[in-house]
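K.L.:
Using the hints provided, position chain Y relative to the given structure of chain C.
Read off the chains here:
Number of protein chains: 2
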Amino acid sequence: MKKTTIHDIAAELGVTFSTVARALNDHPAISAATKAAVLETARRLNYQQNKLASSLRSGRSNVIGIIVPSLDTSFFSSVVHGMERVLNENGYSVLLYQTGESQVQEQKGVNTFLQSRVDGVLASVSAEKDQTEFYASLRKRQVPLLFFDRAIQELAIPSVTINDFQGGFAATEHLIQQGYQNIVHIMSDLHLTIFKERLRGYVEALKQHGLPVREELIFKGRVSLELGQQTVQQLLETQTPFDAIFAAEDYTAMGALQTLQERGVPVPEKVGIIGFANEAFGAFVTPSLSTVDQQTVKMGEETARLFLQLSGQKNFYQETPERIVLDPILVPRKSSTRGVNQ
Amino acid sequence: MKKTTIHDIAAELGVTFSTVARALNDHPAISAATKAAVLETARRLNYQQNKLASSLRSGRSNVIGIIVPSLDTSFFSSVVHGMERVLNENGYSVLLYQTGESQVQEQKGVNTFLQSRVDGVLASVSAEKDQTEFYASLRKRQVPLLFFDRAIQELAIPSVTINDFQGGFAATEHLIQQGYQNIVHIMSDLHLTIFKERLRGYVEALKQHGLPVREELIFKGRVSLELGQQTVQQLLETQTPFDAIFAAEDYTAMGALQTLQERGVPVPEKVGIIGFANEAFGAFVTPSLSTVDQQTVKMGEETARLFLQLSGQKNFYQETPERIVLDPILVPRKSSTRGVNQ
Chain C
1 MKKTTIHDIA AELGVTFSTV ARALNDHPAI SAATKAAVLE TARRLNYQQN KLASSLRSGR
61 SNVIGIIVPS LDTSFFSSVV HGMERVLNEN GYSVLLYQTG ESQVQEQKGV NTFLQSRVDG
121 VLASVSAEKD QTEFYASLRK RQVPLLFFDR AIQELAIPSV TINDFQGGFA ATEHLIQQGY
181 QNIVHIMSDL HLTIFKERLR GYVEALKQHG LPVREELIFK GRVSLELGQQ TVQQLLETQT
241 PFDAIFAAED YTAMGALQTL QERGVPVPEK VGIIGFANEA FGAFVTPSLS TVDQQTVKMG
301 EETARLFLQL SGQKNFYQET PERIVLDPIL VPRKSSTRGV NQ
Chain Y
1 MKKTTIHDIA AELGVTFSTV ARALNDHPAI SAATKAAVLE TARRLNYQQN KLASSLRSGR
61 SNVIGIIVPS LDTSFFSSVV HGMERVLNEN GYSVLLYQTG ESQVQEQKGV NTFLQSRVDG
121 VLASVSAEKD QTEFYASLRK RQVPLLFFDR AIQELAIPSV TINDFQGGFA ATEHLIQQGY
181 QNIVHIMSDL HLTIFKERLR GYVEALKQHG LPVREELIFK GRVSLELGQQ TVQQLLETQT
241 PFDAIFAAED YTAMGALQTL QERGVPVPEK VGIIGFANEA FGAFVTPSLS TVDQQTVKMG
301 EETARLFLQL SGQKNFYQET PERIVLDPIL VPRKSSTRGV NQ
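In the order they appear, the protein sequences are chains C and Y. Under the UniProt record's numbering, the residues of the first sequence are numbered 1 to 342, in order. Under the UniProt record's numbering, the residues of the second sequence are numbered 1 to 342, in order.
Only chain C is shown next, with the shape it has when bound in the complex:
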């Protein structure tokens, strides 16, 4: 029996080849009614999308692998949605791998994607030191790799990141402008440039406003609700004077907010709080949580577009890798706003 092709479906429906191809790839320009008709006809004619065969012919799988620390946070899930939208529109399927910040898992993820013969890997790294040869090896094999949000700067790999220095600076300056002076910073102990840059922004804002940088107000740990809670408990038990907290991540800021409320310390009147990442819950809580938005969907879309652009070139890897840096956006809410008179 002759195998059904996209041309057969197009002829049956009286539409173009391109319409059928795009309908089968769920392209947004094709109406739901057309997609339903195409799928119905494809099924009736027993059409089989033989991806494996076409992938062996073209050497392409049309699958992109994305490596993320975790999809628990709206930060990463929102970035991934931006990527999926652009990649799906361009005929790619997207597979995800969570590392849980483990480099062993990260290496397994890269190997699993190689084994699945993906056409490219988009990765946000777990740590920038220690073992990173598995990323360098992708370049050696000419498998397209892009970093997003967390990049290994030493490797000549294209990347899309945000200006974390500017984000840390804006968050700290906002607290200073609201009249807070003894500002705690809670950051990650992972080897990641993003957290070092946010710290650098915090230090620079204090300096520019003539405030001292006090080492005893800088706390490091695995950023989480618990880290924020523990830090505030420690600050209160040691009676360390402080009137604001800039946490490098929203869940940590939320933990700090919870413990201050439990101990009867009014936020923002006595202590101001700002987080980082604009997690979805921040707008729901009372007081609403100030934060720094990282343009997540845009980061995802830009990463996907840069992949598509570089994949269209003769050599994916250029001598000087393209590095797109997005601007963060300060999102002041109630947890750090004392009003104009203070």
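Hints are computed from structural coordinates only; laboratory data are not their basis. Errors might be hidden in some of the hints.
The list makes no distinction among identical chains, and a pair is therefore deemed to hold if it is satisfied within one copy or across any two copies.
[As the list claims (entries may be wrong)] Pairs of lysine-lysine residues, derived as DSSO-like cross-links and limited to a Cα-Cα distance of at most 30 Å, are as follows:
#, residue 1, residue 2
1, Lys-270, Lys-334
2, Lys-35, Lys-140
3, Lys-334, Lys-35
4, Lys-270, Lys-140
5, Lys-35, Lys-220
6, Lys-140, Lys-298
7, Lys-314, Lys-207
8, Lys-35, Lys-129
9, Lys-140, Lys-207
10, Lys-196, Lys-35
P.N.:
Chain Y alone, transformed into the frame defined by chain C:
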């Protein structure tokens, strides 16, 4: 040059083959120090885990594909973490595919996993009607498939779900016991048994407590923050009498809570609210959001364990597929608690 094997690494370090194999698979029983030493030695000896070759020999890839509607909700990301923990411990890598509730994407996900030659697929479906042949075809090809949370009951496929009827009943009965009588229900318009069962629980609780079931208090749509907001706006504009809302999903409950607060309707005093799914934000908001917990991590672990158990049998597919049903847990918080005297 002779290829480095696991035996070479074991000999070099003076440990057993099993220790090296488990260290390379990130097994939790192996210490971080040992893992680091194994990785260091593996790198130094230029060891290459040739997964593709071994997969071609054994016919196994040791990769499991998971299909979910979206990882934006803590419900699905938490279930997936439960699965990953059990599967990683047993030497499997896990790849994820998000469908965004689109059946076209869902079919692409199944095809992508087949193309990647996964050893099994764990899926939570986008809809139970229309096109589901792609799931039936996995069974025909003897590719192991399990459903979790959302299953297609017509297909003889093993599954792990929760008792949604009982969850809907418990949520509604809790509101009645708190003295609420005119209870709105907001549910999904997707073709999914989980929502139909929650509705059935709502109806049965009203009946058992002698309350009328009023069609005008049952609202359907794409569950989301916006659906909750719109439903409350509509209820207030049409001056429909109501004193409680049971939303079949937490974001929808949150949207309802926000709009009631904006309009100055006190929660829980005037209107009680309960959601479903125990999303992470529910404990943070004011008033804290009552909900129904679905034992997410346990659901993930049970699904992974059932996969491992069935994979160890001669035939993965039994005549009568195993169907594990977990009990939901009522989580009453402030949004629905008026105190014992009311």
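K.L.:
It remains to establish, for every hint, whether it holds in the given structure.
P.N.:
Consistency of the hints with the structure:
1. Lys-270 x Lys-334: both (13 Å within a copy, 26 Å between copies)
2. Lys-35 x Lys-140: This pair counts as between: shortest inter-copy Cα distance 26 Å, intra-copy 41 Å.
3. Lys-334 x Lys-35: The answer is neither: 46 Å in one copy and 46 Å across copies each exceed 30 Å.
4. Lys-270 x Lys-140: neither (55 Å within a copy, 65 Å between copies)
5. Lys-35 x Lys-220: Between copies, since 24 Å is at most 30 Å while 51 Å is not.
6. Lys-140 x Lys-298: within (29 Å within a copy, 42 Å between copies)
7. Lys-314 x Lys-207: neither (47 Å within a copy, 69 Å between copies)
8. Lys-35 x Lys-129: The answer is between: 16 Å across copies meets 30 Å, while 47 Å in one copy does not.
9. Lys-140 x Lys-207: neither (44 Å within a copy, 68 Å between copies)
10. Lys-196 x Lys-35: between (48 Å within a copy, 27 Å between copies)
Checked against the numbered hints given earlier, the structure breaks hints 3, 4, 7, 9 and satisfies all the rest.
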